[in-house]
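Undergrad: Guided by the hints, dock chain B onto chain A, whose structure is given.
Line by line, the protein sequences give chains A and B. Take any residue in the first sequence, note its place counting from 1, add 294, and you have its number in the numbering used here. Take any residue in the second sequence, note its place counting from 1, add 389, and you have its number in the numbering used here.
It is possible that some hints are incorrect.
If you anchor each label on the Cβ, the simulated ranges turn out as follows [claimed, not checked]:
| id | chain 1 | residue 1 | chain 2 | residue 2 | range |
| --- | --- | --- | --- | --- | --- |
| 1 | B | R597 | A | E420 | 27 to 37 Å |
| 2 | A | P374 | B | W466 | 40 to 50 Å |
| 3 | B | P436 | A | H434 | 33 to 43 Å |
| 4 | B | L438 | A | H434 | 32 to 42 Å |
| 5 | B | V576 | A | A469 | 34 to 44 Å |
| 6 | B | P436 | A | A515 | 26 to 36 Å |
| 7 | A | L549 | B | D504 | 27 to 37 Å |
Derived pair list, reagent style EDC-like, types lysine to aspartate or glutamate, alpha-carbon separation capped at 16 Å [stated by the list, open to error]:
| id | chain 1 | residue 1 | chain 2 | residue 2 |
| --- | --- | --- | --- | --- |
| 8 | A | K431 | A | E477 |
| 9 | B | K501 | A | D387 |
| 10 | B | K501 | A | E465 |
| 11 | A | K480 | A | D499 |
| 12 | A | K487 | A | E332 |
| 13 | A | K363 | A | E306 |
Bear in mind the hints are in silico, worked out from the structure with no lab data behind them. Backbone N, C-alpha and C define an ideal beta-carbon position, used for all residues, glycine too.
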Amino acid sequence: MNGAAKNQATIEFSDACFRAVDGPIILDHLNLAISSGETLVLLGRSGSGKTTALRLINRLLEPTAGAVKVEGRSTLDWDPVALRRGIGYVIQDAGLFPHYTVERNVGLVPWLEKWPEERKRARVVELLQLTGLDPAKFAHRYPHELSGGQRQRVGVARALAADPPILLMDEPFGALDPLTRGELQKEFADLQKRLHKTIVFVTHDTREALFLATRIAFIEAGRLVGVYTPEDFLHATEPVAAAYLAACRMGDSLLK
Amino acid sequence: MDFLHFMFRNRDQIFSATLEHLWLVGAAMSLAVLIGIPLGIVAARRPWLGKPIIGAANVAETIPSLALFGFLLPVPWLGDRADRLAITALALYALLPIIRNTATGITGVDAKVRDAARGMGMTDNQILIHVELPLAFSYLLAGVRVATVLTIAIATIAAAIGAGGLGEFIFRGLAMVNDQLILAGAVPAAALALAADFILGALEKRFRFAQ
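Looking at chain A on its own, in the form it has when it is part of the complex (with noise of 0.2 Å):
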């Protein structure tokens, strides 16, 4: 998955709509092109079709209509095992096998890409120590020994394992407490300043968003309603983002 050029759009929706088998439209001729580097978040409420968005990147979904390309290809034309294995996926709760220790968790894809036992056994432990745990600690210790936040670093580190350019985030915090979810946002947003990947992270936290996002795609009842920089996000005069924004200052004015 190497050899995309900087700034040209690494991964690009071109009319994609996405529709359950006798479904509603769950979203509806999305364009939206994402270039190498930046940190995108989907951002919207419930069930407004970020998520499936952001599935048919790696080709859990496939778009009923229109494409979606990764580094210029349509992911209809990748092997989806290959283009997943390029593509870091996060997600809420982090997913991790309860059956397998916190190395072998974090080791998987390089273990599925065959890599020597030694350079694998090397990477976990410069992952755990990039994520904040301690190797010697908990390397091998089972998920279900680990906090809900040592388990989303676990779920990060393990996406981050075999290197990909792009790394896929759905509500990676969701599931914690504001401390621990603001401690996570702060070392995950200094993590991206050293690895300069492509992101596309899947939230409905508008603070979340404002301060992790390079831009903002928001997305209401399948349909991309505008991109914006965090800045500009902040003055959108597009009525359902001044909405989305007045309930996130709401929340504000109470704590002043």
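TA: Relative to the frame of chain A, chain B by itself:
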């Protein structure tokens, strides 16, 4: 004390009947596991096939055992040998708990874990072998445990068609109205069932993962 003396005097016969019993149960269980686990996997992966599969196994379960032995008697190859017939019938009984538990175990795997596995680029077979089956393994073992205990009990009835086993004593005891003879079959059969329950139960705990 009389009973213990009786057991001791007939220890050779009881021992060989116990071996016969174990052979019937072992062969039937191997067959049932070999057939039941793949069927359980299919039932979990293709819900539209799962219903008829579990339905059919359910029907087999409801046929009274003595009648099932009778029904299979005229079947060409099966009816030739009593043990062959008994093993087939016992395997049919053992299928339902194995199929059902395999399917329940696999469908019960956390959707997030499965989603992460797919998103990470695991193939369907890799997900089955490295994620679903290991996580479903304790359920699967529970099914095997229930089926084994059931089979050990039902295998005593196989003596009615001359397949041997511990049922021989029970049937002879019933005919001769001899309690000691009945117990000489029933007690070892109960001991076998308890032992199987204990061993498989311990294995089941060993393979349970906190999900």
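Undergrad: Holds or violated: K487 (chain A) with E332 (chain A), Cα cutoff 16 Å?
TA: holds, 10 Å
Undergrad: Please test the hint of 33 to 43 Å on the beta carbon pair from P436 (chain B) and H434 (chain A).
TA: holds, 38 Å
Undergrad: Quick check on a hinted range of 27 to 37 Å for R597 (chain B) and E420 (chain A), using CB atoms only.
TA: Hint holds: Cβ distance 33 Å, inside 27 to 37 Å.
Undergrad: Verify the CB-CB distance for V576 (chain B) and A469 (chain A) against the hinted window 34 to 44 Å.
TA: Violated, at about 55 Å.
Undergrad: Between L549 (chain A) and D504 (chain B), does the C-beta distance stay in 27 to 37 Å?
TA: holds, 36 Å
Undergrad: Holds or violated: K501 (chain B) and D387 (chain A), Cα atoms, limit 16 Å.
TA: holds, 8 Å
Undergrad: Honestly, do L438 (chain B) and H434 (chain A) meet the 32 to 42 Å range at C-beta?
TA: Because 40 Å falls inside the window, the suggested range holds.
Undergrad: For the pair P436 (chain B) and A515 (chain A), does the Cβ-Cβ distance stay inside 26 to 36 Å?
TA: Because 31 Å falls inside the window, the suggested range holds.
Undergrad: How does the Cβ-Cβ distance of P374 (chain A) and W466 (chain B) compare with 40 to 50 Å: does it lie in that range?
TA: At roughly 46 Å between Cβ atoms, W466 (chain B) and P374 (chain A) fall inside 40 to 50 Å, so the hint holds.
Undergrad: Hey, K480 (chain A) versus D499 (chain A), does the alpha-carbon distance stay inside 16 Å?
TA: holds, 15 Å
Undergrad: Between K431 (chain A) and E477 (chain A), is the straight-line Cα distance small enough, at 16 Å or below?
TA: Answer violated: K431 (chain A) to E477 (chain A) is near 20 Å, above 16 Å.
Undergrad: Does the alpha-carbon distance linking K501 (chain B) and E465 (chain A) stay inside the 16 Å limit?
TA: holds, 13 Å
In summary, the structure is inconsistent with hints 5, 8 from the numbered list given earlier, while agreeing with the others.
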